[in-house]
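A.B. asks: Spelled out, the chains give:
2 protein chains.
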Amino acid sequence: MRKFPRMNNPINRRVFKKKVQEQIDVKQIADKIISGDRGYLSKGITLIESNASHHRQSANELIQHILPHIGKSVRVGITGVPGAGKSTWIEAFGKTAVSKNYKTAVLAVDPSSSLSGGSILGDKTRMEFLAHHPDVFIRPSPSSGTLGGVARMTRETILLCEAAGYDLILVETVGVGQSEGIVRGMTDFFLLLSLTGAGDELQGMKKGIMELVDAVVINKADGANKEQAMKTMHDYNQILRFLTPATKGWKPRAYTCSALYNSGIEEIWDLIFSFISETKESGEFQKRRSRQAVDWMNQLVQIRLNETFFIEEKKRQMKNLEEKVRQHELSPSEAVDLLFEKYQ
Amino acid sequence: MRKFPRMNNPINRRVFKKKVQEQIDVKQIADKIISGDRGYLSKGITLIESNASHHRQSANELIQHILPHIGKSVRVGITGVPGAGKSTWIEAFGKTAVSKNYKTAVLAVDPSSSLSGGSILGDKTRMEFLAHHPDVFIRPSPSSGTLGGVARMTRETILLCEAAGYDLILVETVGVGQSEGIVRGMTDFFLLLSLTGAGDELQGMKKGIMELVDAVVINKADGANKEQAMKTMHDYNQILRFLTPATKGWKPRAYTCSALYNSGIEEIWDLIFSFISETKESGEFQKRRSRQAVDWMNQLVQIRLNETFFIEEKKRQMKNLEEKVRQHELSPSEAVDLLFEKYQ
Chain A
1 MRKFPRMNNP INRRVFKKKV QEQIDVKQIA DKIISGDRGY LSKGITLIES NASHHRQSAN
61 ELIQHILPHI GKSVRVGITG VPGAGKSTWI EAFGKTAVSK NYKTAVLAVD PSSSLSGGSI
121 LGDKTRMEFL AHHPDVFIRP SPSSGTLGGV ARMTRETILL CEAAGYDLIL VETVGVGQSE
181 GIVRGMTDFF LLLSLTGAGD ELQGMKKGIM ELVDAVVINK ADGANKEQAM KTMHDYNQIL
241 RFLTPATKGW KPRAYTCSAL YNSGIEEIWD LIFSFISETK ESGEFQKRRS RQAVDWMNQL
301 VQIRLNETFF IEEKKRQMKN LEEKVRQHEL SPSEAVDLLF EKYQ
Chain B
1 MRKFPRMNNP INRRVFKKKV QEQIDVKQIA DKIISGDRGY LSKGITLIES NASHHRQSAN
61 ELIQHILPHI GKSVRVGITG VPGAGKSTWI EAFGKTAVSK NYKTAVLAVD PSSSLSGGSI
121 LGDKTRMEFL AHHPDVFIRP SPSSGTLGGV ARMTRETILL CEAAGYDLIL VETVGVGQSE
181 GIVRGMTDFF LLLSLTGAGD ELQGMKKGIM ELVDAVVINK ADGANKEQAM KTMHDYNQIL
241 RFLTPATKGW KPRAYTCSAL YNSGIEEIWD LIFSFISETK ESGEFQKRRS RQAVDWMNQL
301 VQIRLNETFF IEEKKRQMKN LEEKVRQHEL SPSEAVDLLF EKYQ
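Listed in order, the protein sequences are those of chains A and B.
Just so you know, we're using full-length UniProt numbering here: the first sequence kicks off at 1 and counts up by one.
Just so you know, we're using full-length UniProt numbering here: the second sequence kicks off at 1 and counts up by one.
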């Protein structure tokens, strides 16, 4: 009675029991995931997506357990504006994958999902084939508050899916804010899905996006759209010709396809897999994966440093100082000195 | 004798005297700079470039003193590969400036200067006219170890030059590492000086550079080179057409000139000054300056956070953990947990 003085309270007893249970669970979840159990894969991802600090510890342990079983998949990132047909394209591409016996996981990074309640991949009606296929695992974007949080969860979910034996991981993003850079940083091949349009569509192209991609695919190249799609493809090739490629030794180019009529999809498949074998041969594939892990670690360090420093009071102080700097009343150096005054 | 027990030691006496002297100096240096004294301007910059911590304090005080006198100049950044003719171009452009009674300062951000001992602006023979003109102030790149350090010094040097009454500040960079982004972040107008060549010269273009520029100027458009320069200009315009402009409401374009034969320089002058009046009218000019000051503050905060955390021991630990993450022995999350274990 001395050791657990409040154990008679049923709520405290439940909490205590739960904690003990979780310590056992991690190893079990890991083993089940490695054996290919979908239910436990979902359970593992839920653990990763939890923000409770004791869950974070368990999640880290879980990942350490599965770490020897990761790294065997091909990771493909897909971005494109809403309406570019990402879901339809993934449905078509995923069909090709399962027909070749590739176990496929479909994930998403959607920084807006915390506002909209999960906009992309929520609508599974566009992926009716994949949604019901036993070799396909679909998981919508976690709806955490920050992009950094979503990024961590998706990166760790990729690892779990790999441990569960998925050969192809597709990561979709709508490209809000910095999300393309983040998805590029967790995938081997990065693809921009674009639309045909009035010829001016490239004007509104997002800053820096072209220097992240390994290929541009102009979707909906069917019927009356086909000619315009060829023109758009040409325009993209014009730009790509001048830019530094995202992957050393690989010349990114533009292609057309129609996900709806399933034309040009097989060609993109071949393209991606020749990219994978070329980069594996040159060593660029392994180098990128190592670099991505180290970059991710560095990002986590920066996030943690900021979280540690910017407690509520510091946030307020920073905001006040920022305003004075904005008005040129205080020099940035002086402002930073004031901010760190009592810290060191 | 009790108060200064070691004052009989001549070295300690000198240190003490020096400190007292410096406390007086700051206000004097500020006043002299504001009155336009070139010698004191140099002295102020030397103070800014010092890494001694008590100098940092004096430098901050100095900047606070001159802050009400800054902001009236036009700041132009110039980048280009070695051989693009930056010095010759600056000589020609500066000549135009002084002929219009613009007091001109020429600065540089050269991250390689700490290795090479100051490569750019060191060779003043290419700026013979400017080097001897009473209305021109030339200062080579500070040779500090880090790019962040060089950036801080140059930003603060810009402020001193403005307080000293310079109307036009030219900041040159060779574009090593992140230096273009840094110079873009401290200037109003950013210009890429390019060469004509075999037609393939755009291929090696640096990542992201085109989305930073307000204009591309193809230099050496003279004699037999002229035709090729027009072709290069056309190529640049092709790309610029598709990219998001660096400055809201301004369409960056490519131009040709010959700094050697002084042709096309006046046109660039007019271009820059119509940019300045347009952006001042739209409010974008003031907005950018405020944004730049706040961005700079944020960068300083990040630098300081890292300096505070990464003492020697942490650096070593980070390096070890990084290697384990690179080998996929440790997950990034787990590595970061270990790094912060004893910190919080």
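A few of these clues could be false.
Here are some chain B residues the structure puts well away from chain A; computed CB gaps all over 10 Å [unchecked claim]:
| # | residue |
| --- | --- |
| 1 | 42 |
| 2 | 49 |
| 3 | 71 |
| 4 | 233 |
| 5 | 272 |
Derived lysine-lysine pairs resembling DSSO-like cross-links, with alpha carbons at most 30 Å apart [said to hold, decoys possible]:
| # | chain 1 | residue 1 | chain 2 | residue 2 |
| --- | --- | --- | --- | --- |
| 6 | A | 231 | B | 251 |
| 7 | B | 280 | B | 324 |
| 8 | A | 280 | B | 319 |
| 9 | B | 207 | B | 100 |
| 10 | B | 248 | A | 231 |
| 11 | A | 206 | B | 287 |
| 12 | B | 72 | B | 315 |
| 13 | A | 251 | B | 207 |
Since the hints were derived computationally from the structure, they do not count as laboratory data.
Idealized CB from N, CA, C, for every residue including glycine.
A.B. asks: Taking the shortest Cβ-to-Cβ distance between residue 42 (chain B) and chain A, state whether it exceeds 10 Å.
C.D. replies: holds, 20 Å
A.B. asks: Checking one constraint from the list: CA of residue 206 (chain A) to CA of residue 287 (chain B), max 30 Å. Satisfied?
C.D. replies: holds, 22 Å
A.B. asks: Is the Cα-Cα distance between residue 72 (chain B) and residue 315 (chain B) 30 Å or less?
C.D. replies: Violated - the C-alpha atoms of residue 315 (chain B) and residue 72 (chain B) are around 42 Å apart, more than 30 Å.
A.B. asks: When you look at the beta carbon of residue 272 (chain B), is every beta carbon of chain A farther off than 10 Å?
C.D. replies: The claim holds: residue 272 (chain B) sits with its nearest Cβ about 23 Å from chain A, beyond 10 Å.
A.B. asks: Tell me if the straight-line CA distance from residue 280 (chain B) to residue 324 (chain B) falls inside 30 Å.
C.D. replies: This hinted pair is violated, its Cα atoms lying about 52 Å apart.
A.B. asks: If we take the beta carbon of residue 49 (chain B), is the closest beta carbon in chain A still more than 10 Å away?
C.D. replies: Non-interface label stands for residue 49 (chain B): nearest chain A Cβ at 13 Å, farther than 10 Å.
A.B. asks: With a cut-off of 30 Å on the C-alpha distance, tell me whether residue 251 (chain A) and residue 207 (chain B) pass.
C.D. replies: holds, 14 Å
A.B. asks: Say whether it holds or is violated: residue 233 (chain B) keeps its Cβ farther than 10 Å from all Cβ of chain A.
C.D. replies: It holds; residue 233 (chain B) is separated from chain A by about 14 Å at its closest Cβ, greater than 10 Å.
A.B. asks: Quick one, are residue 280 (chain A) and residue 319 (chain B) close enough, alpha carbons at most 30 Å?
C.D. replies: Holds, because 26 Å separates the two Cα atoms, which is no more than 30 Å.
A.B. asks: CA of residue 207 (chain B) to CA of residue 100 (chain B), is that 30 Å or under?
C.D. replies: Violated: residue 207 (chain B) and residue 100 (chain B) sit about 36 Å apart, past 30 Å.
A.B. asks: Under the criterion that the straight-line Cα-Cα distance not exceed 30 Å, is the pair residue 231 (chain A), residue 251 (chain B) satisfied?
C.D. replies: holds, 23 Å
A.B. asks: Given the hinted pair residue 248 (chain B) and residue 231 (chain A), is their Cα-Cα distance within 30 Å?
C.D. replies: holds, 28 Å
The structure shown violates the earlier hints numbered 3, 7, 9, 12.
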